[in-house]
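If you're matching them up, the sequences are chains F and D in order. Take the numbering used here: the final residue in the first sequence is number 327, and no numbers are missing along the way. Take the numbering used here: the final residue in the second sequence is number 422, and no numbers are missing along the way.
Source of the hints: derived by calculation from the structure; they are not laboratory data. Any given hint could be a false lead.
[Stated by the list, open to error] Computed beta-carbon distance windows for the label pairs:
#1 F/30 to D/387: 24 to 32 angstroms
#2 D/393 to F/177: 41 to 49 angstroms
#3 D/341 to F/302: 28 to 36 angstroms
#4 D/343 to F/90: 24 to 32 angstroms
#5 F/30 to D/404: 17 to 25 angstroms
#6 D/420 to F/90: 53 to 61 angstroms
#7 D/386 to F/262: 52 to 60 angstroms
#8 D/343 to F/290: 41 to 49 angstroms
#9 D/345 to F/112: 38 to 46 angstroms
#10 D/404 to F/306: 49 to 57 angstroms
#11 F/323 to D/350: 38 to 46 angstroms
#12 F/237 to D/389: 36 to 44 angstroms
#13 F/84 to D/417: 58 to 66 angstroms
#14 F/274 to D/350: 42 to 50 angstroms
[Said to hold, decoys possible] Dumping the calculated DSSO-like pairs for lysine-lysine here, alpha-carbon to alpha-carbon at most 30 angstroms:
#15 D/332 to D/349
#16 F/229 to F/170
#17 D/405 to D/395
#18 F/324 to D/395
#19 F/79 to F/170
#20 F/170 to D/349
#21 D/349 to D/395
#22 F/170 to F/241
#23 F/79 to F/194
#24 D/332 to F/319
#25 F/229 to F/241
#26 F/241 to F/194
#27 D/405 to D/349
#28 D/332 to F/118
#29 F/118 to F/229
#30 D/405 to F/229
#31 D/395 to F/229
Where is the CB? At the ideal position from N, CA and C, for every residue including glycine.
For reference, the chains in residue letters:
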Amino acid sequence: MYTQALNTKDAPDTAEPEAHAARFQERIDTEERIEANDWMPEAYRRTLIRQISQHAHSEIVGMLPEGNWITRAPSLRRKAALLAKVQDEGGHGLYLYAAAETLGVSREELVDQLLAQKARYSSIFNYPTLTWADIGAIGWLVDGAAIMNQIPLCRCSYGPYARAMIRICKEESFHQRQGYEIMVTLARGTPEQKEMAQDALNRWWAPCLMMFGPPDTESQHSDTSMAWKIKRFTNDSLRQKFIDATVPQAHHIGLAIPDPALRLDEASGHWLTGPIDWEEFRRVLAGGGPCNRERLAARRRAHETGAWVREAAMAHAAKQSAQKQAA
Amino acid sequence: MPEVKTPLWEVFIRSRNGLAHKHVGSVHAADATLALQAARDVYTRRGEGLSVWVVPSSAITASDPADKDMLFEPTASKIYRHPTFYEVPEEVGNM
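Next up, chain D with everything else stripped away, as it sits in the complex:
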């Protein structure tokens, strides 16, 4: 009998209070409880975190790398979105 594949989960860890959860890797587990346990065992053996999230990998929708020019083009062309685009008289100091 072919074995049913064990689902994949993405693991996110908050390393310190005040920081965001950061993606650290993935684990296989049958359900959320086991995924959380596996994530703790695999990714936090040396005090790497205070909080763990696990998310089914299948729940993530990702952008296509091929679309990156189209999606992220404005960062390059709309330079007026950055503060350094504007000139402020020197006497005024930092703003």
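Just chain F, same shape as in the assembly:
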């Protein structure tokens, strides 16, 4: 999901001393963590900046579809939980920006890249949250997929990223459970409520499978990321893990996975799905999803209308420090 940035690749560097590169790979192979000031190939640095910042942007943009329902949550309990979850997403974005900054890029540059559409965020956040059940579906499915993706990232070769991921994973479990609880409640409610839950699953299922990125046959770029131990499992293997975990959870609450081709392969024990519409995935990534414009406009508006606050805080800090020096 949050590793979609690893599906694009830089040209390899040739100008770097081979001895350095060999020593670097040796450290990676022996599971040594790379830290901010250590020597690293420029391509490793660039890949990480792109990957970590895309992950951070995803957390921040991910606040928008859920924020949409805070004022309309059906009870105080649900509202408090949703507020806490959205606040967590903001926190996750900040841990990740800080991790990216250790690689020598500034926060301001990262934010500018998002607003100028030079950096991407996960395709999933370009879908709308039409009903309350979508909040359940996001917690259960989107955060569930995120967990599959993020747990291996806790062992990523780059120390600051791995440490940020450990904090994030600790918090994601609450997100997924609160989402599934919403789905359970709706699925066991009135026929209308159950229908609403089913409708949300129908709309979110396929986009969630796409979160893991293109199939391994098309994603020729994972190789370097795997060799560098940024990524440890292929897109397809993580996707399969997610499907196997999620299908029984849907069945348990009487919801149907919206895929007529879905079947349990007795031999392997895996749930096999029908084809995924990769055309849609590419379209949404390229900016043609239902909410791409809206999401970016919301981020730009927040950045612009918050500018005076940042300026005022800096002016106040300068004044305070001047007064302190004069005293």
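We have chain F; now place chain D onto it with these hints.
This is chain D only, laid out in the frame that chain F set:
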């Protein structure tokens, strides 16, 4: 007008009394008061700590990883600094 960059602060948290403050990450903030508030919001949403320190990142001087062999070599060669280097008669027991 190019925006002035908001300074970076390193955050340290004491998780329990009796333990040392431990580095947990960093935040951007215009001054120390705001940095402390941001650190509380970002790093202590689930009772992670009893005390927070924020330190301007620019105030930290770090050793160069390239110097690590030179700086930390004695730990490997001066094994007589460790208690296990010395032999004590078995009858004496633990010492």
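So, going through the hints one by one against the coordinates:
1. Taken as a hint, the range 24 to 32 angstroms holds for the pair residue 30 of chain F and residue 387 of chain D, whose Cβ atoms sit roughly 28 angstroms apart.
2. Taking 41 to 49 angstroms as the suggested C-beta distance range, the pair residue 393 of chain D and residue 177 of chain F conforms, at roughly 46 angstroms.
3. At roughly 33 angstroms, the beta-carbon separation of residue 341 of chain D and residue 302 of chain F lies within the given 28 to 36 angstroms, and the hint holds.
4. Taking 24 to 32 angstroms as the suggested C-beta distance range, the pair residue 343 of chain D and residue 90 of chain F conforms, at roughly 26 angstroms.
5. One distance hint, 17 to 25 angstroms for the beta-carbon pair residue 30 of chain F and residue 404 of chain D, holds here, with the actual separation near 22 angstroms.
6. Checking the proposed 53 to 61 angstroms range against residue 420 of chain D and residue 90 of chain F shows it holds: the Cβ atoms sit about 58 angstroms from each other.
7. For residue 386 of chain D and residue 262 of chain F, the Cβ-Cβ distance of about 57 angstroms falls inside the hinted range of 52 to 60 angstroms, so the restraint holds.
8. In this structure the hint that residue 343 of chain D and residue 290 of chain F lie 41 to 49 angstroms apart at CB holds, the actual value being about 48 angstroms.
9. One distance hint, 38 to 46 angstroms for the beta-carbon pair residue 345 of chain D and residue 112 of chain F, holds here, with the actual separation near 44 angstroms.
10. For the hinted restraint 49 to 57 angstroms between residue 404 of chain D and residue 306 of chain F, the CB-CB distance of approximately 55 angstroms keeps it satisfied.
11. The supplied range of 38 to 46 angstroms is broken by residue 323 of chain F and residue 350 of chain D, whose beta-carbon atoms lie about 31 angstroms from each other.
12. Residue 237 of chain F and residue 389 of chain D have their C-beta atoms about 38 angstroms apart, which keeps the hinted 36 to 44 angstroms range intact.
13. Range check, residue 84 of chain F to residue 417 of chain D: about 59 angstroms between beta-carbon atoms, so the 58 to 66 angstroms window is met.
14. Between residue 274 of chain F and residue 350 of chain D the Cβ separation comes to about 48 angstroms, which falls inside the hinted range of 42 to 50 angstroms.
15. Under the criterion of a C-alpha separation no larger than 30 angstroms, the hint pairing residue 332 of chain D with residue 349 of chain D is consistent with the structure, at around 26 angstroms.
16. With a C-alpha separation of about 21 angstroms, the suggested pair residue 229 of chain F and residue 170 of chain F falls inside the 30 angstroms cut-off, and the hint holds.
17. Distance restraint check for residue 405 of chain D and residue 395 of chain D: the Cα-Cα separation of roughly 16 angstroms lies within the 30 angstroms cut-off, and the hinted pair is therefore satisfied.
18. About 39 angstroms separates the Cα atoms of residue 324 of chain F and residue 395 of chain D, which puts this hinted pair outside 30 angstroms; it is violated.
19. Taking the CA atoms of residue 79 of chain F and residue 170 of chain F, the gap is about 21 angstroms. The hint holds against a cut of 30 angstroms.
20. Pair hint residue 170 of chain F plus residue 349 of chain D holds up; C-alpha atoms about 18 angstroms apart against a cutoff of 30 angstroms.
21. Only pairs whose Cα atoms come within 30 angstroms are accepted, and residue 349 of chain D paired with residue 395 of chain D is accepted, the gap being roughly 22 angstroms.
22. For the proposed pair residue 170 of chain F and residue 241 of chain F, the alpha carbon gap of about 19 angstroms is at most 30 angstroms, so the pair holds.
23. At roughly 20 angstroms between alpha-carbon atoms, residue 79 of chain F and residue 194 of chain F fall within 30 angstroms of each other, so this suggested pair holds.
24. Between residue 332 of chain D and residue 319 of chain F the alpha-carbon distance is near 16 angstroms, which keeps this suggested pair within the 30 angstroms criterion.
25. Straight-line distance between C-alpha atoms of residue 229 of chain F and residue 241 of chain F comes to about 19 angstroms, which keeps the hinted pair within the 30 angstroms bound.
26. Pair hint residue 241 of chain F plus residue 194 of chain F holds up; C-alpha atoms about 26 angstroms apart against a cutoff of 30 angstroms.
27. For the hint linking residue 405 of chain D to residue 349 of chain D, the alpha-carbon distance of about 29 angstroms falls within 30 angstroms, and the restraint holds.
28. Only pairs whose Cα atoms come within 30 angstroms are accepted, and residue 332 of chain D paired with residue 118 of chain F is accepted, the gap being roughly 20 angstroms.
29. Distance hint between residue 118 of chain F and residue 229 of chain F is fulfilled; the C-alpha atoms sit about 25 angstroms from each other, no more than 30 angstroms.
30. Restraint check for residue 405 of chain D and residue 229 of chain F: not satisfied, since their Cα atoms lie roughly 35 angstroms apart, outside the 30 angstroms limit.
31. Between residue 395 of chain D and residue 229 of chain F, the direct Cα distance comes to roughly 24 angstroms. Compliance with the 30 angstroms bound is thereby established for this hinted pair.
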